[in-house]
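Taken in order, these protein sequences are the chains called A and B.
Heads up: the first sequence begins at 1 in our numbering, then just goes up one per residue.
Heads up: the second sequence begins at 1001 in our numbering, then just goes up one per residue.
Just so you know, these hints were derived from the structure itself, not from any lab.
Take these hints with a grain of salt, some might be off.
Ranges between beta-carbon positions, derived for each pair [what the hints assert, rightly or not]:
hint	chain 1	residue 1	chain 2	residue 2	range
1	A	275	B	1211	44 to 54 Å
2	A	170	B	1213	50 to 60 Å
3	A	58	B	1160	58 to 68 Å
4	A	475	B	1041	21 to 31 Å
If you want the footprint, here are the derived chain B segments under chain A, 3+ residues with CB under 8 Å [unchecked claim]:
hint	segment
5	1148–1160
6	1181–1189
Heads up, simulated DSS-like pairs for lysine-lysine below, C-alpha to C-alpha not over 27 Å straight-line [claimed, not checked]:
hint	chain 1	residue 1	chain 2	residue 2
7	A	438	B	1158
8	B	1072	B	1206
9	B	1169	B	1112
10	A	364	A	438
11	A	157	A	354
12	B	1169	A	438
13	A	438	B	1072
14	B	1274	B	1375
15	A	439	B	1375
16	B	1169	A	439
17	B	1442	A	364
None of these values were measured; they are calculated from a predicted model.
Don't be surprised by glycine CBs; every beta carbon is placed ideally from N, CA and C.
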Amino acid sequence: MREQLPALIIIVPLLAALAAPLIAYLSTRLLRIVIIGAILVSHLSALGTLLRVLAEGPWHYRFGGWLPPWGIEYVIDPLSGSMAVLISFISLVVAIYSGPFFKADTWLRKGIFYALYALLTTGLLGMVVTGDVFNLYVFLEISSLAAYALIASGGHKATVAAFRYLLIGTVGASFYLLGIGYLYAITGSLNMADLVHRLQPLMDSPAVLTAVVMLVVGMGIKMALFPMHGWLPDAYTYAPPPATAFISGVMTKVSAYVLFRFFFFVLGAMNGPVPAALTVVGWAAAVGIIIGSVMAIAQTDFRRMLAYSSVAQIGYIALGLAIGNTFALIGAVLHILNHAVMKSCLFLVAGGVKWKTGEHTIEKYAELSRRMPLTMGAFLIAALSMVGLPPTAGFFSKWYLVLGAMEAWMWPYIVVIILSSLLNAVYFFRVIEHVYMKKAEPKATEENGGGRELPVAMLVPIVLLGVGILVIGVLNEPIVTQILQYALPGGGR
Amino acid sequence: MAVDFVLDYRPLWAVLISMVAAGLILLSGRHPNLRESWTILAAFGKAAIVYSMLPTVLAGTVLETTPLNIAKGISLHLRVDTMGMLFAALASALWVVTSFYSIGYMRELDEKHQTGYFASFAVCLSATMGIAFAANLLTFFVFYEILTIATYPLVIHKRNEEAINSGRKYLVYTLVAGQLLLIGIIWTQLLAGSGDFQAGGFLAGKASVGVLQTIFVLMIIGTAVKAGVMPLHGWLPAAMVAPTPVSALLHAVAVVKAGAFGILRVIGFVFGPKLLAEIGVATFLAWVAAFTIIVSSLIALAQDNLKRRLAFSTVGQLSYVVLGASLLTPLGFLGGMYHIIAHAFMKITLFFCAGAVYATHHISNVSEMRGIGRKMPFTMGAFAVGSLGIAGLPFLVGFISKWNIALGALQGGQGIFVAVLIGSAMLSSAYFLPIVYMAFFKEPEEMTHHGDHHGQHGEANLAMLIPLVITAVFSLILGVLPNAGGSFYDLAVMTAKSIVGGNLMGGGW
């Protein structure tokens, strides 16, 4: 069994997704147990795999025993292993949280939601563990299609947002497909490890240049890199809260991971057109950070503010890749982890407030500190982390990014990062002021009033992520030196 | 002098004890007596831990601990050297006094949000200990930012429009400053390969003059905002909207002194006087400090609100510390450092008095204070002691630091600053002594607008009165015996010597 762990990461949630509607017909209580159980198994498998990888080096798992480059292989190195652990963890936490949202729904709706949710998890996990660029495309489409449907299930406005995302997202995926098509045309291989060798002599060919451009555009769209972020704010705002929390937490980061994988492992950061592409990505990220933050300040809807903040934050990750030295890459990978935890936490809070009070504008957050003290405590930690204040996790990714930018002597990037922290402070402290200081006008009804705080199923995930932010912050050094350092190209030398 | 380094966890406990207390305070919000006992216990515990380290430190041993790494290659490094000991001993001793005062004040006024208040206060003290004991730049920065955030809830305590605006102003100043400091720290980290504080500095020869000057400016802006150096002082008068015990301990001792302490660290332990003399930016800082001293005193003259007057006086007095350090002479450094102690005792007394007057009689303006000394003789007597001390009267603690700063100026051949000190002394007499005069020698106004309800009160309640008498008495004792209470003068001398690496009277470097 232990030898099959990498396969379990993918197969268990996939089977759960397929069975979900049927199980929902039998018992919706059983459905939740099965889905949460499946994701838990996936998470534990990912954890087990990562531990073995850290002890023994990268793990090549050959599906059906077929040898690469003909068969599909899963390659788990510390980078993909950590990503898989992160994705399955966030998925697990959000799955637990989602319970109360669907209390009143029919079995069919529940069945379909959880089926899509498990499919999305499968797709994202598949994208990170696979060592085959076409297999990656398949998982990309699985996750994308599941995400479109999940977003669309959020109601009237969500349908439009999802359709828009579907159009743009499909274009992005097609660009990715074309990109790997070019690589296949000149090398005849789809296996990443194989491509590394075959591409070396061809790096200066126009085909590689074309492929790189297509990859940047394709993944740029999927990760909402400025100026290809247009789909994101509506999609995040109108999707059902649990879906948003999961999608915002990990989906864009997986695309950033793909870019990282291609540029630094498959193509090589110093070869051919890659440095130029990274420079373009860096400047797009820098502009995106500023514009995303400014737009976030302009929002009155809390979820929309978080959505624009995501556009800015994905820029941090892209910026780290663009700077490209060890410090900056540590910063980028650490920020993938940090931002997944803090943004999921924030969207869970937003969903919790919507669930309890039915409100989502910042003005209506007045005096929530009294009604939901623990939830707002977690929000406070996440907000401070977004601003990047020690000892929260957000500070440390900023620390490594600025160290990297300083070492590479890229001053504009330092200015952008620092400015962005301050802009973050502007829009988060505005919310904090409302939560802790403004007086709420007396309100007749509440959606799910009664009692202090949220139900346990929602509260525990929120508090867990909130505490997680502090833990990651305080323990960032072991995380970096024991795990993330090995996730960098060349083991972080 | 050989220095022993000994591994010891006490600095860590000193930091953590009030952090734990903050958690307990939040949990026991519904039981005020239990909640306040956590504050008191933590205050005494912290003081006990800090003072238990004093003899060892005086003997020349340095205690340190590195419980974990905060970032790749950088540990959370706490080290009790003489300068850190000076600040920690001061803050922990005054926290004990302030805790009692706080309880008296908050209960007298029946304030809301007391749980958050006491919890934030405890976190602030943790951060202050961290700042005092930080042995490298990143550790310093982590605690510095925790202090920034933990003070915010205290500034906005009243939750009204004015408080929110002050809170915003406070955040704008401190967060921007923090980011600039961060750039300076990261730059230093890369240039020197480490950020460990070293007596006499560690940056010499690491970069070109231009780069070093830039880093110095970044770091000084980052720390000078908290120290209220003009023109970066704007948040401090605004923050006076906080409850008076906050103004007393944080806006006269812990927070602002953390800024001044940071400047001393940057000058003495990052750059070092020798290097600064070469790159020539310290003189500029000295002039900025001198400007602040004079101008803030002039502004203080025009304030009618007592706390605002005290705030501007604080702005001026803090720049004494900055001036002393930026003279780059041994005695200047000694005087600047001792002024951290001196000003703390005097200003906390003055704030305690202002708070007692407000809590007991609801008077917050100077013009309403006629005859108040007859009702509150002890309070206003303490106020008179504090005022005279700020003015620099001999045999009060303020004189000792000013005397040393003046000597330091002469030692560096910058006699002009002696004139600044004298001018400032006269100005501070001008803005404080009239209050004392009015309080004791003018007829009280007829009680019209408050009715007789408050007229019945005479002296402040004991929880407020005893602390302010204690601090006033200490201002007197320290003026005669500058080592009383915590060997503060010896600690300052030892620090100055460690930076110079030899004799205090030597003059040049």
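Status of each hint after checking the structure:
1. A:275 with B:1211: 44 to 54 Å: violated (27 Å)
2. A:170 with B:1213: 50 to 60 Å: Check passed, 55 Å falls within 50 to 60 Å.
3. A:58 with B:1160: 58 to 68 Å: holds (60 Å)
4. A:475 with B:1041: 21 to 31 Å: Holds, since residue 475 of chain A and residue 1041 of chain B (Cβ atoms, about 29 Å apart) stay within the stated range.
5. 1148–1160: Since three or more residues must qualify, the claim that chain A covers the segment 1148–1160 of chain B holds, with 5 doing so at under 8 Å.
6. 1181–1189: holds (count 5)
7. A:438 with B:1158: holds (11 Å)
8. B:1072 with B:1206: holds (22 Å)
9. B:1169 with B:1112: Holds: residue 1169 of chain B and residue 1112 of chain B sit about 23 Å apart, inside 27 Å.
10. A:364 with A:438: holds (10 Å)
11. A:157 with A:354: holds (16 Å)
12. B:1169 with A:438: holds (17 Å)
13. A:438 with B:1072: Judged against 27 Å, a Cα distance of about 41 Å means the pair is violated.
14. B:1274 with B:1375: Not satisfied, since the Cα-Cα distance of roughly 54 Å exceeds 27 Å.
15. A:439 with B:1375: violated (39 Å)
16. B:1169 with A:439: holds (21 Å)
17. B:1442 with A:364: violated (52 Å)
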